[in-house]
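All chains, please: the whole structure from these sequences, using the hints.
Here are the chains, one letter per residue:
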Amino acid sequence: MFLIGIGMIILLMSIFLYNSLISKKNKAYEAFSSIDVIFKKRTDLIPHLVKVVKGYMEHERETLTEITKIRKQLINKNLEDDQRINLESKLDGMLSKINIAVEAYPDLKASENFLKLQASLNEVEEQLSAARRAYNAAINAFNNSVEMFPSNLMAKIMGYTLKPLFKINPEERKVPTIKF
Amino acid sequence: MSSYTQTKEALMPLIRQAEKARKPYRFIEALNIFLGRFIFLLGLLLIVLFLVFTDTYDTLMPKLLSILSLLDSSSPYLLSVLLIHAFIVIIFKSQYHRKEGILLRAFLEKMIPDFIFNPSKSVDLQTILNSGHFLLKNKKTNPKTVISNGNLYGKIDGIGLTIFGLKITGLSKFHNILSYIPFLWILVVMVKPLFTKNINQIGVVFMGMFVVAKFNKKIKGRTVVLPDTIEKRVGYLAKTLQSLHFKRNQLVNMEDTEFEKQFVVYSTDQTEARYILTPSLMKRISALQKKIARPIRLSFKEDNVYMAVEHLNGFLTLSKNKNLVTSNALEGFYHGISTAIGIVEDLNLNTKIWH
Numbered sequence: 028m029f030l031i032g033i034g035m036i037i038l039l040m041s042i043f044l045y046n047s048l049i050s051k052k053n054k055a056y057e058a059f060s061s062i063d064v065i066f067k068k069r070t071d072l073i074p075h076l077v078k079v080v081k082g083y084m085e086h087e088r089e090t091l092t093e094i095t096k097i098r099k100q101l102i103n104k105n106l107e108d109d110q111r112i113n114l115e116s117k118l119d120g121m122l123s124k125i126n127i128a129v130e131a132y133p134d135l136k137a138s139e140n141f142l143k144l145q146a147s148l149n150e151v152e153e154q155l156s157a158a159r160r161a162y163n164a165a166i167n168a169f170n171n172s173v174e175m176f177p178s179n180l181m182a183k184i185m186g187y188t189l190k191p192l193f194k195i196n197p198e199e200r201k202v203p204t205i206k207f
Numbered sequence: 135m136s137s138y139t140q141t142k143e144a145l146m147p148l149i150r151q152a153e154k155a156r157k158p159y160r161f162i163e164a165l166n167i168f169l170g171r172f173i174f175l176l177g178l179l180l181i182v183l184f185l186v187f188t189d190t191y192d193t194l195m196p197k198l199l200s201i202l203s204l205l206d207s208s209s210p211y212l213l214s215v216l217l218i219h220a221f222i223v224i225i226f227k228s229q230y231h232r233k234e235g236i237l238l239r240a241f242l243e244k245m246i247p248d249f250i251f252n253p254s255k256s257v258d259l260q261t262i263l264n265s266g267h268f269l270l271k272n273k274k275t276n277p278k279t280v281i282s283n284g285n286l287y288g289k290i291d292g293i294g295l296t297i298f299g300l301k302i303t304g305l306s307k308f309h310n311i312l313s314y315i316p317f318l319w320i321l322v323v324m325v326k327p328l329f330t331k332n333i334n335q336i337g338v339v340f341m342g343m344f345v346v347a348k349f350n351k352k353i354k355g356r357t358v359v360l361p362d363t364i365e366k367r368v369g370y371l372a373k374t375l376q377s378l379h380f381k382r383n384q385l386v387n388m389e390d391t392e393f394e395k396q397f398v399v400y401s402t403d404q405t406e407a408r409y410i411l412t413p414s415l416m417k418r419i420s421a422l423q424k425k426i427a428r429p430i431r432l433s434f435k436e437d438n439v440y441m442a443v444e445h446l447n448g449f450l451t452l453s454k455n456k457n458l459v460t461s462n463a464l465e466g467f468y469h470g471i472s473t474a475i476g477i478v479e480d481l482n483l484n485t486k487i488w489h
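Going down the list, the sequences are from chains V and U.
What the first sequence shows, in the numbering used here, is residues 28 to 207, in sequence order.
What the second sequence shows, in the numbering used here, is residues 135 to 489, in sequence order.
Treat the hints as calculated values from the structure; they're not laboratory data.
The C-beta atom is built at its ideal place from N, Cα and C for all residues, glycine as well.
Be careful, since some hints might not be right.
Said to hold, decoys possible - Partner residues are not named here, just some residues of chain U that face chain V (Cβ under 7 Å, in silico):
| # | residue |
| --- | --- |
| 1 | Asn387 |
| 2 | Gln404 |
| 3 | Thr405 |
| 4 | Arg408 |
| 5 | Tyr409 |
To be verified - DSBU-like cross-link-like pairs, simulated, lysine-lysine; straight-line CA separation at most 30 Å:
| # | chain 1 | residue 1 | chain 2 | residue 2 |
| --- | --- | --- | --- | --- |
| 6 | U | Lys395 | V | Lys52 |
| 7 | U | Lys373 | V | Lys183 |
| 8 | V | Lys78 | U | Lys352 |
| 9 | V | Lys117 | U | Lys351 |
| 10 | U | Lys417 | V | Lys54 |
| 11 | U | Lys354 | U | Lys244 |
| 12 | V | Lys136 | U | Lys348 |
| 13 | U | Lys381 | V | Lys54 |
| 14 | U | Lys244 | V | Lys67 |
| 15 | V | Lys54 | V | Lys78 |
| 16 | V | Lys54 | U | Lys395 |
| 17 | V | Lys68 | U | Lys348 |
| 18 | U | Lys352 | V | Lys136 |
| 19 | U | Lys351 | V | Lys68 |
| 20 | U | Lys435 | U | Lys351 |
| 21 | V | Lys78 | U | Lys351 |
| 22 | V | Lys52 | U | Lys381 |
| 23 | U | Lys395 | V | Lys190 |
| 24 | U | Lys373 | V | Lys190 |
| 25 | V | Lys68 | U | Lys435 |
| 26 | U | Lys435 | V | Lys67 |
| 27 | U | Lys425 | U | Lys366 |
Stated by the list, open to error - Chain U is nowhere near these chain V residues, computed Cβ spacing over 10 Å in every case:
| # | residue |
| --- | --- |
| 28 | Leu30 |
| 29 | Ile31 |
| 30 | Lys81 |
| 31 | Gln110 |
| 32 | Pro177 |
Laid out in structure tokens, this is it:
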């Protein structure tokens with residue numbers, strides 16, 4: 028009877044740990060998918076950005092071409108997650124370059140179309156930053172379960188390993204935000 | 135905004151006049167409380183004395199019945215005394231509030247001329263519930279009656295701001311009507327007043343400042359920031375306990391450790407909560423908490439931010455027991471209003487990420 032009791036407790040604990048790990052893994056996927064949605068929003072804004080700025084920014088043609096190239100790669104559906112994150116990081120850097128370069132083009136800064144577009148881009152960047160933080164929080168909860176006792180035992184059985192956090196590109200960190 | 139000294143000096147005659155009207159009401163209220171408690175304790179004492187000095191049940195009952203019959207024969211007199219008493223309280227109370235309304239309006243007009251003070255305007259219960267600060271169907275936090283000390287409306291840097299002085303009670307309107315009949319009221323709330331320092335706090339869910347302001351982002355769900363009362367007591371276990379709060383939305387663990395120590399965040403959406411609570415806003419909220427040094431509740435819904443700050447003696451009203459001329463009652467009022475208006479700058483509500 029005592030052994031059956033112990034067995035039941037172990038079984039219930041295992042079920043709880045198993046379900047909790049699955050739930051945390053799914054939350055991490057969900058958080059990643061929300062980043063994906065915002066990445067998509069940003070990618071959709073790129074053609075408008077190129078169209079609006081190319082008439083003004085004569086000396087930034089190379090950057091604009093690079094941005095268009097990255098966008099083309101991003102809309103390819105066969106991309107792996109890692110490749111996608113790398114490309115998005117590159118895009119971050121390129122957009123920051125454009126934001127700084129804008130300072131040298133007063134006509135562009137005064138253009139209503141550009142201001143509207145920049146407002147949309149700022150909004151998307153804010154959402155993206157929030158989504159990345161939400162993703163990191165979900166990954167943090169998952170990683171804690173993978174490392175902490177007793178959930179680490181179940182994680183080992185399930186073959187779960189630590190997941191990497193979303194890191195901010197060092198280049199991106201240095202870039203100041205755009206000022207009007 | 136005029137300084138406190140300027141405002142007080144300009145309104146000194148009015149302050150003196152208001153203080154003159156406040157004194158008799160203060161006396162009547164103190165007398166009420168004293169008499170109520172005295173009668174209640176006397177009743178208790180009589181029962182104890184009967185129990186101690188009476189040998190048997192047979193001798194106790196006739197004595198109790200004789201006292202009850204005495205009360206019964208004098209009930210018409212008792213009733214008329216109660217009615218006269220209630221009438222006097224109502225007259226002094228209305229005089230008190232009228233004078234206070236005149237003084238506050240003049241004070242606020244001098245202090246912040248761009249704002250409009252309406253002493254009779256209230257906030258509806260639905261707005262309070264929309265804020266998500268308080269929960270329905272919870273014995274401790276279920277608001278039943280909202281008593282407002284009016285509202286103050288104006289704009290700071292183009293941001294619309296409505297400030298309310300609120301008292302939310304878990305008691306029904308019936309109980310509030312009873313407050314005009316002091317003896318009965320004491321019986322209704324029974325023993326509680328004997329142990330309560332501030333009689334105005336009986337049955338109170340919340341008393342203090344409630345601000346509704348325009349937020350600089352559009353929000354689909356609702357995010358609520360509440361004071362964290364558990365973390366200091368149980369440490370890291372707090373998160374587990376807080377996540378089990380089924381009447382709230384999802385618990386959101388924020389990255390800012392200082393903010394996390396002071397607040398607990400519940401939201402309909404993890405990402406949206408972080409979209410609202412940016413690292414800079416979290417720092418600002420923590421700084422505001424330090425500045426105010428009172429429990430703060432914040433919530434974000436649609437394009438509004440709701441903020442509630444507890445003031446145990448009420449907000450948009452003057453401390454009853456303090457002399458307006460000699461004490462710091464008006465200064466406290468001035469600072470309370472400055473804090474409410476200051477949230478636009480403190481929380482950076484006037485900066486939009488788009489133009």
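Evaluated hints:
1. Using the Cβ-Cβ criterion of 7 Å, the hint placing Asn387 (chain U) at the interface with chain V is satisfied: the shortest such distance is roughly 6 Å.
2. Annotation: interface hint on Gln404 (chain U) holds; nearest CB of chain V at approximately 5 Å, less than 7 Å.
3. For Thr405 (chain U), the interface hint holds, since its Cβ comes within 7 Å of a Cβ in chain V; the closest pair sits about 4 Å apart.
4. For the restraint placing Arg408 (chain U) at the interface with chain V, the shortest Cβ-Cβ distance is roughly 4 Å, inside the 7 Å limit, so the hint holds.
5. At its closest, the beta carbon of Tyr409 (chain U) sits 4 Å from a beta carbon of chain V; the interface hint therefore holds under the 7 Å criterion.
6. Using a Cα cut-off of 30 Å, the hinted pair Lys395 (chain U) and Lys52 (chain V) holds, with the two alpha carbons roughly 26 Å apart.
7. Between Lys373 (chain U) and Lys183 (chain V), the direct Cα distance comes to roughly 25 Å. Compliance with the 30 Å bound is thereby established for this hinted pair.
8. Under the criterion of a C-alpha separation no larger than 30 Å, the hint pairing Lys78 (chain V) with Lys352 (chain U) is consistent with the structure, at around 28 Å.
9. Taking the CA atoms of Lys117 (chain V) and Lys351 (chain U), the gap is about 28 Å. The hint holds against a cut of 30 Å.
10. Under the criterion of a C-alpha separation no larger than 30 Å, the hint pairing Lys417 (chain U) with Lys54 (chain V) is consistent with the structure, at around 27 Å.
11. With a C-alpha separation of about 39 Å, the suggested pair Lys354 (chain U) and Lys244 (chain U) falls outside the 30 Å cut-off, and the hint is violated.
12. With a C-alpha separation of about 28 Å, the suggested pairing of Lys136 (chain V) with Lys348 (chain U) holds against the 30 Å cut-off.
13. Between Lys381 (chain U) and Lys54 (chain V) the alpha-carbon distance is near 21 Å, which keeps this suggested pair within the 30 Å criterion.
14. Restraint check for Lys244 (chain U) and Lys67 (chain V): not satisfied, since their Cα atoms lie roughly 53 Å apart, outside the 30 Å limit.
15. Under the criterion of a C-alpha separation no larger than 30 Å, the hint pairing Lys54 (chain V) with Lys78 (chain V) is inconsistent with the structure, at around 38 Å.
16. Of the pairs offered as hints, the one joining Lys54 (chain V) and Lys395 (chain U) holds, with about 24 Å between alpha carbons and a cut-off of 30 Å not exceeded.
17. Between Lys68 (chain V) and Lys348 (chain U) the alpha-carbon distance is near 26 Å, which keeps this suggested pair within the 30 Å criterion.
18. Our distance criterion of 30 Å between C-alpha atoms is met by Lys352 (chain U) and Lys136 (chain V), whose separation comes to about 25 Å.
19. Pair hint Lys351 (chain U) plus Lys68 (chain V) holds up; C-alpha atoms about 18 Å apart against a cutoff of 30 Å.
20. For the hint linking Lys435 (chain U) to Lys351 (chain U), the alpha-carbon distance of about 10 Å falls within 30 Å, and the restraint holds.
21. For a cut-off of 30 Å, the pair hint linking Lys78 (chain V) to Lys351 (chain U) stands: about 27 Å separates their Cα positions.
22. As the CA atoms of Lys52 (chain V) and Lys381 (chain U) are separated by approximately 25 Å, the hinted pair is consistent with the 30 Å bound.
23. This hinted pair checks out: Lys395 (chain U) and Lys190 (chain V) have alpha carbons roughly 27 Å apart, not beyond 30 Å.
24. Restraint check for Lys373 (chain U) and Lys190 (chain V): the C-alpha separation of about 22 Å stays at or below 30 Å, so the hint holds.
25. A distance of roughly 23 Å separates the Cα atoms of Lys68 (chain V) and Lys435 (chain U); the hinted pair therefore holds under the 30 Å criterion.
26. The straight-line distance between the Cα atoms of Lys435 (chain U) and Lys67 (chain V) is roughly 26 Å, inside the 30 Å bound, and the hint therefore holds.
27. Only pairs whose Cα atoms come within 30 Å are accepted, and Lys425 (chain U) paired with Lys366 (chain U) is accepted, the gap being roughly 20 Å.
28. With a minimum CB-CB distance of about 30 Å to chain U, Leu30 (chain V) clears the 10 Å threshold, and the non-interface call stands.
29. With a least CB separation of 29 Å from chain U, Ile31 (chain V) remains clear of the 10 Å interface cut-off, as annotated.
30. Its beta-carbon lying about 23 Å from the closest one in chain U, Lys81 (chain V) satisfies the requirement of being farther than 10 Å from that chain.
31. Listed as outside the interface, Gln110 (chain V) is consistent with that label: its C-beta sits roughly 23 Å from the nearest C-beta of chain U, beyond the 10 Å cut-off.
32. Distance check for Pro177 (chain V) against chain U: the nearest CB is about 15 Å away, which clears 10 Å, and the non-interface claim stands.
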